[in-house]
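Participant: For reference, the chains in residue letters:
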Amino acid sequence: MPRVRAVVLCIAIVLITASFGCGASESVGSPSATPASVEGRIDPSTIKPNTPYTIGFSSLRENRAPFTGHAESGFDVTVVAADWMSLTTYGNPQPFIEFYGPAGVTTTGELRITAGGAPFWLDGIDFYSSTTRIPYVIEGFLNSEQMFSVIDVIGNTFGAFARRSNPNADVPVQEVRIRLSNPSATCCSNPMGVDNIVVSR
Amino acid sequence: MRTRFAWLGLSLLLGCNDTPTSPSAHFELALSPSAVVAGAASVGTVTLRGRAVQAIRINLSSSDAVASVPPSVLVPAATGTVEFTVKTRLVAADTVARISAQADGTTQEVALQVVAPIARPATLDRLALDAVVVRGGQDLQGTVWLTAAAPAGGLAVKLRSSNAVATVAATLLIPAGATSEAFTLGTRRVTLETQLEITATYSDQIKTVPLRVIPIEGS
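Each protein sequence line maps, in turn, to chains H and B.
Counting in numbering that gives the first Met the number 0, the first sequence runs from 0 upward without gaps.
Counting in numbering that gives the first Met the number 0, the second sequence runs from 0 upward without gaps.
Bound conformation, chain B alone (with noise of 0.2 Å):
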C-alpha cells in the first residue's frame, strides 16, 4: 500500500497523471480551418459530448504523410475538451488528408484540404454570346473568359461554328494578363431557323454554346 501511494505521489509530482482511461462518452472532432495552405497549421479540437469522471485518451491519425498530428491527446475531465496542431508538409499537388480521432472503439474523421501553392496554369473557364437569338445578317458579340490571366505572349483559343450561316475568326488571341477577350460573331440572312454551337477550343478544354438564327420579318 505504501508502494503504491509511492508511485501515485511521485507520479503527481512529475505531472504525468495520464494514465489512459476507458472512455466512457462520445467525442467530437474539427478542424479550424479546415483547408491550408501547404505548410501552414490547422488546430484539432476534440470534445466530450457528455460529462466524464477521468481524464480520456484519445489516439490520433493522419491518412497521409502531408498532413501530421500528435499520436494521442489527453482529454481532462474538467473541461472536456482539448485542441492540438496538425502541421502540414509543402506539397505541389492538392491534398485531402483524413485526419481520425480514436477511442475505445468510437472513430471520429474530418478531412484536411491542403492547398499546393502553386500557380495554376491558365486554361478555358467559359464561353458566352451576348443573345442566344439573332437574325440573320447581323452581327453578335461573344466572350471567352480564362481561369486565369494569360501568360507571356497571350493564349490562343480556337473558335469554330458548326454551321456556315455563323461565322467567327478561327483563332482569337486572348492578351498576356488578361482573362478575357471578346470577339464578334457574323450571320447570314436565312430563310428558315437555324440552329447551331459556337465552340472554343483549349489545349484539351471545350466549351460550347448554342445560337439560333432566325429570319429577318418580311423576308
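Only chain H is shown next, with the shape it has when bound in the complex (with noise of 0.2 Å):
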C-alpha cells in the first residue's frame, strides 16, 4: 500500500511539473511583453467616448509612500517599472506621483492603465521632472494588438507639470504604457513623474 502511494505522489508530482512548462518562462524585473487580452475582438468603429475622467491620484493621502497601483473613476493605474511613491506637498494640484533616477543614470519608469479590460481613450497627460529634460513612449493596446505608439522628449521644465495631448486620441484602446525615461545628471539623483491622467469612456 505505501508504494502504490508513492507512484501515485510521484505521477501527480511529475504531471503538476509539466503543467507549467518545465520552469518558468516571464522576465525577470520586466513588464510582460504585451497587454493582457480580453474575451472577444472589440471593432472601434463601432465605439465613441462618451464621459472624460481625470485620474488625479487625489485620494493619495500619505506622503511619500510606495506606490504600486491605484483605481480611479474605474480606472486602474498599475507600476511596470520603476519604484513609484506617492507625493503629496505637490502635483497639478497635488498630490501626484513620481520615481526617482539615481544620478548618472538613465532609468525607466512604466505605468499601465486599464478600464478592467473595457475600451477607453486617452486624451492627455501631466509630466513632471525636477532637473531634467522628460523623454516618453505612450503606447496603446486593443485587442492585444498595438494601436499607437508615441515617442518625444519635452524640454526641461525645471519642476513645472507639461500637458502633453496624445495626438491618438480618437483611437479606443484596453490597455495604455507610459514609459518614461529618465536621464538624471551625474550629480544628482532625480524625481520624475505624472499627474492628471485625462481618459475617456
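No lab work stands behind these hints, which were simulated from the structure alone.
Computed from a prediction, not measured in an experiment: that's the story for all the values here.
Be aware that a few hints might be false.
To be verified - Just some of the chain B residues that point at chain H, by a computed CB distance under 10 Å:
no., residue
1, Ala37
2, Ser62
3, Ala64
4, Val65
5, Leu89
6, Ala92
7, Asp93
8, Val95
9, Ala115
10, Arg159
11, Ser160
12, Ala163
The beta-carbon is built from N, C-alpha and C at its ideal position, and this holds for glycine as well.
Reassemble the complex: the two chains are provided individually, in unrelated frames, and hints are given to aid placement.
Facilitator: Following this line, the structure appears as C-alpha cells:
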C-alpha cells in the first residue's frame, strides 16, 4: 500500500511539473511583453467616447508612500517598472506620483492604465521632472494589438508640469503604457512623474 | 528505489531533467551586439570556462526595464555554452541596462546600450578658422559645423570676437538642411602682436578658437 501511494504521488508531481512547462519563462524584473487579452474582439468603429475622466490621484494621502497601483473612476493605474511613490506636497494640483532616477544613470519607469478590459480613450497626460528633460513613450493596445506609439522628449521644465495631448486621442484602447526615461545628471538623483491622466470612456 | 526510477524516467520522458546543479566552473557572459536600437534584440551567450560534469543553471537579470532577459538559462555540460535573447523596449532616451549572470556566488555583468530612435536636434559641433595666425588687415575664413542638419528656417549661431582687431558678423545663419556654414573674419592692421578669441554660441553650446594677429612686415 505505501508503494502504491508513493507511485501515485510521483505521477502527480510529474504532471504538475509538466503543466508548468518545465520551468518559468517570465522575464525577471520587467514588464510582460504584451497586454492581457480579453474575450472577444472589440470593433473600434462601433464605439465612441462618452465621458471624460481625469485620474488625478486625489485619494493618495500618505506623502512618499510606495505607489504600486491606484484605482479611480473605474480605471486602474499600476506600476510596471521602477519604484514609484505618492507625493502629497506637490502636484498639478497635489498629489501626484513620481519615481527617482539615481545620479548619472538613465532609469526607465513605466505605468499601465486599464479599465477592466473595457475600451477607453487617452486624451492627455501631465508630465513632471525636477531637473531634466522628459523623454517619454506612450503605447496603446486594443485586442492585444498595438494601436499607436508616441515617442517624444519634453524640454527641461525645471519642475513645472508639462501637459501633452495624445495625437491618437480618437483611437480606442484597452491598455495604455506610459514609459518615462529619467536621465538624471551625474551630480544628482532626479524625481520624474505624472499627474492628471485624462481619459474618456 | 522503484519510486525514484519512476520519477527519473517520467522526468526524462517529459524533457524536464533540468535540475539545477551547483556550478563548479566559472563562466563568461557576452552580448552581441552590445548596442541596439530600442525595440531590437541582442543575443546573450553564457560560456563555461571549464568542462562541467552536469548542466549548470545560470540566473539572469537586467538592471533596467528597458531590457528583459529570461530568469535563467541552463548550460548543457555537453556544449558548455548557451544563448539567450535580450529583448528591449521602445524608449525615448538612450539607456544602459546592465545584464547580469549569476551562479554559485559568481556574477558576470555586461552593459547593453539601448539607443533611442529619436531625432536629436542640431547643435554646435565645431568651430574652426583657416589659420591660427593672420597678418593684420587680411581677411580669414572660418566655419561652423552642426551635429545634425539645421532645421527649417535655418539655425542662427552667434559669433563674437574678443578684440576689435578682428571683426565678425554678429549672427551666422546656417541654412535649413545644411550641417556647416563658412563666414569671413576681417582684421585691422596692428603694430603689436595681438591674441584674441573667436566664439560661436548656440543655445547653451559655446565653441571658442584662438587667433593671433601680427603686424605686417615693415610696418
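Participant: Return the status of the interface hint for Val65/B: holds when the least beta-carbon distance to chain H is below 10 Å, violated otherwise.
Facilitator: Hint holds; Val65/B Cβ to chain H Cβ min 5 Å, cut 10 Å.
Participant: Grab the minimum C-beta distance from Ala115/B to chain H and call the hint holds if it beats 10 Å, violated otherwise.
Facilitator: This hint holds: Ala115/B lies near chain H, its Cβ roughly 7 Å from the closest one there, short of 10 Å.
Participant: Tell me if Ser160/B is really an interface residue toward chain H, meaning its C-beta lies closer than 10 Å to one of theirs.
Facilitator: 31 Å, violated
Participant: Is the shortest C-beta separation between Asp93/B and chain H less than 10 Å?
Facilitator: Hint on Asp93/B: holds, closest Cβ of chain H at ~7 Å, below 10 Å.
Participant: With a cut-off of 10 Å on the beta carbons, see whether Val95/B makes it to chain H.
Facilitator: 7 Å, holds
Participant: Could you check if Ala37/B really has its C-beta closer than 10 Å to a C-beta on chain H?
Facilitator: At 9 Å from the nearest chain H Cβ, Ala37/B passes the 10 Å test, so the hint holds.
Participant: Go through the hint on Ala92/B and say holds or violated, using the shortest Cβ distance to chain H against 10 Å.
Facilitator: 3 Å, holds
Participant: Measuring from the C-beta of Ala64/B to each C-beta in chain H, is the shortest one below 10 Å?
Facilitator: 3 Å, holds
Participant: Go through the hint on Ser62/B and say holds or violated, using the shortest Cβ distance to chain H against 10 Å.
Facilitator: This interface hint holds because 8 Å falls under the 10 Å limit.
Participant: Have a go at the Arg159/B hint: is there a Cβ in chain H nearer than 10 Å to its own Cβ?
Facilitator: 25 Å, violated
Participant: May I ask you to test the interface hint for Ala163/B with respect to chain H, counting a Cβ-Cβ separation under 10 Å as satisfied?
Facilitator: 36 Å, violated
Participant: Interface hint check: Leu89/B, Cβ to nearest Cβ on chain H, cutoff 10 Å. Holds or violated?
Facilitator: Constraint on Leu89/B satisfied, holds at 5 Å.
Violated hints for the displayed structure, listed by number in ascending order: 10, 11, 12.
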